[in-house]
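Residue-level listing of the chains:
There are 2 protein chains.
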Amino acid sequence: MTAGGGAWVLGVDSGGSGVRCALGRAEEGSPAEVLTSDEPVRTGPAGIDAGRLLGQLVPAAMELLARTGAERVAAVAVGAAGMASLGDDLRAKLPAALAGALKVRRLALAADGVTAYAGALGQRPGAVVAAGTGMIALGTDLTRWRRADGWGHLLGDCGGGAWIGRAGLEAAMRAHDGRRGGSAALRERAEALFGPAAELPGLLYPRTDRPAVLASFAPEVARCAASDPVAATILREAARNIAESAAAVCPEAGPADGDSAHGTADESVSECEVALTGGLFHIGDALLAPVRQELAALAPHARTVPAAGDPLAGALLIASALAREELRLPHHPRMLWVTTERDG
Amino acid sequence: MTAGGGAWVLGVDSGGSGVRCALGRAEEGSPAEVLTSDEPVRTGPAGIDAGRLLGQLVPAAMELLARTGAERVAAVAVGAAGMASLGDDLRAKLPAALAGALKVRRLALAADGVTAYAGALGQRPGAVVAAGTGMIALGTDLTRWRRADGWGHLLGDCGGGAWIGRAGLEAAMRAHDGRRGGSAALRERAEALFGPAAELPGLLYPRTDRPAVLASFAPEVARCAASDPVAATILREAARNIAESAAAVCPEAGPADGDSAHGTADESVSECEVALTGGLFHIGDALLAPVRQELAALAPHARTVPAAGDPLAGALLIASALAREELRLPHHPRMLWVTTERDG
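Protein chains in written order, with UniProt numbering: chain D, 1 to 344; chain C, 1 to 344.
One chain only, chain D, in its complex shape:
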């Protein structure tokens, strides 16, 4: 039995800048009401803390239900940064907690890349690059997920905001030292933002939000790129890294119904939609143009498309599909974890 299209569903997007909750009808794509909190759910020793997320999610859901006059929600989808690698506490505690607090039995826990995907492309096959402070690429042919990067600022996130900002600050320090690879322009921008170069380590390392501090310098790198060759090279390298991740996850096969004959390599590769999403692409053509160039070289069947919606819209779309039993995006123990417990 499906919950029906008239039911209400809740989408949640938990990220580095806070938590957003949207309530909407399962048959509609857009939210009826949205609540935003500026307080991010911090990561503790057990990963993303279920108690802290619930402490925001449950009151927000109550408030949204009160605003719309809805009695209950038929499904909840939570997208969270770090869900894939740090979501054990959520997977362990959220089903029972939400069944208790909101009487909801249909729950999806999605990596933020998956909600970005659903927001951008809905339930169509393709690939999404989600780039902000970090960077992850996800693709699916609707049979399985392929993921590239999203490993954080030390192991990857290659081409993301922290990556670009870090490279820019390194170039500033090189200029300070008189080392090869330095940029006087980036040094000037770094000192305007953060003060004397030699004091930057003392500012950066004690912070707990180091990736965000690094990423805050990415727009300066983009601004310098038009006139500074070091900054231009950083953006070009970022674009190459982003294209490498996108190319690694683009589905290659023909139509998913598998009826068409496999021809030569040229014929059997269908087009792959690639949506570039996330705040990093607000940099604009200084980054977008080289990403398209690099992607054309690496994956000729890829075609960049605008994202239809954001990760919050994606969470709501997943919750709606779950309520209607029409979720076609592949389940996965870490990427898209779904539980549909029955009432006891």
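Derived from the structure by calculation, the hints contain no laboratory data.
For glycine and all other residues, C-beta sits at the position ideal for the given N, C-alpha and C.
Check the hints yourself; a few may be wrong.
Short, incomplete list of chain D residues facing chain C, as computed with Cβ under 8 Å [said to hold, decoys possible]:
id: 1; residue: Val34
id: 2; residue: Trp151
id: 3; residue: Gly152
id: 4; residue: Arg166
id: 5; residue: Asp177
id: 6; residue: Gly178
id: 7; residue: Leu200
id: 8; residue: Tyr205
id: 9; residue: Arg207
id: 10; residue: Asp209
id: 11; residue: Ser245
Computed footprint of chain D on chain C; a stretch qualifies when at least three of its residues, placed anywhere within it, have a C-beta under 8 Å from a C-beta of chain D [unchecked claim]:
id: 12; region: 29-36
id: 13; region: 155-165
id: 14; region: 179-185
id: 15; region: 199-207
id: 16; region: 242-248
Given chain D, put chain C in place with the hints provided.
Only chain C this time, still in chain D's reference frame:
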């Protein structure tokens, strides 16, 4: 009035793996007694914590004095990782504290690069690269210090242990993703050491010693370099970065007494001794050979030489020179801070 060559002096080396103290005679180069602690002095909100350092240094000094039968020390030199950027608390509190506890009025606070320099080259002009988890290059013509890098694992330390290990782990994650630039060999080594690739972020990011964890993978990169082209490229890039820092700090001028005429560029550039010190170079020729090659291309007047001693020997040498009023290494407010308060 000098304290005289017969006086006792104390050298201290405070680093990421602990604190070492050496007591020796001012006229001798080598320590009479050494005490080692495995407990590093951690960095707090005010930088290196003076109270914690004193908590180790004073009892160690008392013990060393008791062992040798010496009554007091004439000078103390403390070399510490992070002294240049995080040493404010030490500079504020150590002079009075050591005058009180050890009756010592001659104190030098040196960046660990400076003690590495003094240990390697004594008081001769030249350049030193100190590479372990991090990487810093220091050079002097005995009129001023030139520093390159040593800015930590996010802003630089280019070519150091954390840099090499990080690049190796990134290549492992690329292989896991099927991205360009991946190395199956490095992925295999990373999984042998840390477990499944996808779980590496969950292991690494909650740690407070992330640079050390990254650096622990550097020997694996070195071991793979003979047969794996990605690992070989990482070592070659590390060598290039190290050579860039060394080249940036090599003194260029002729004899320091400045009597010789300046000829053409070819004639006026004298040889510059460059000592490569620190645990990273235990990797051996896989790293040393490309460093020498890159350095020859960047700074033809540079000549790599073995280090005479380690940073603890350098701290003792600085303390000895301070006691004898023969300190020729340039004073500097952050790199080599010297105070010689008189008795009240």
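The hints, checked one at a time:
no., hint, in the structure
1, Val34, "violated (30 Å)"
2, Trp151, "holds (5 Å)"
3, Gly152, "holds (5 Å)"
4, Arg166, "holds (6 Å)"
5, Asp177, "holds (4 Å)"
6, Gly178, "holds (5 Å)"
7, Leu200, "holds (6 Å)"
8, Tyr205, "holds (6 Å)"
9, Arg207, "violated (10 Å)"
10, Asp209, "violated (12 Å)"
11, Ser245, "holds (6 Å)"
12, 29-36, "violated (count 0)"
13, 155-165, "holds (count 3)"
14, 179-185, "holds (count 3)"
15, 199-207, "holds (count 7)"
16, 242-248, "holds (count 4)"
In this structure, the hints that do not hold are numbers 1, 9, 10, 12, in rising order.
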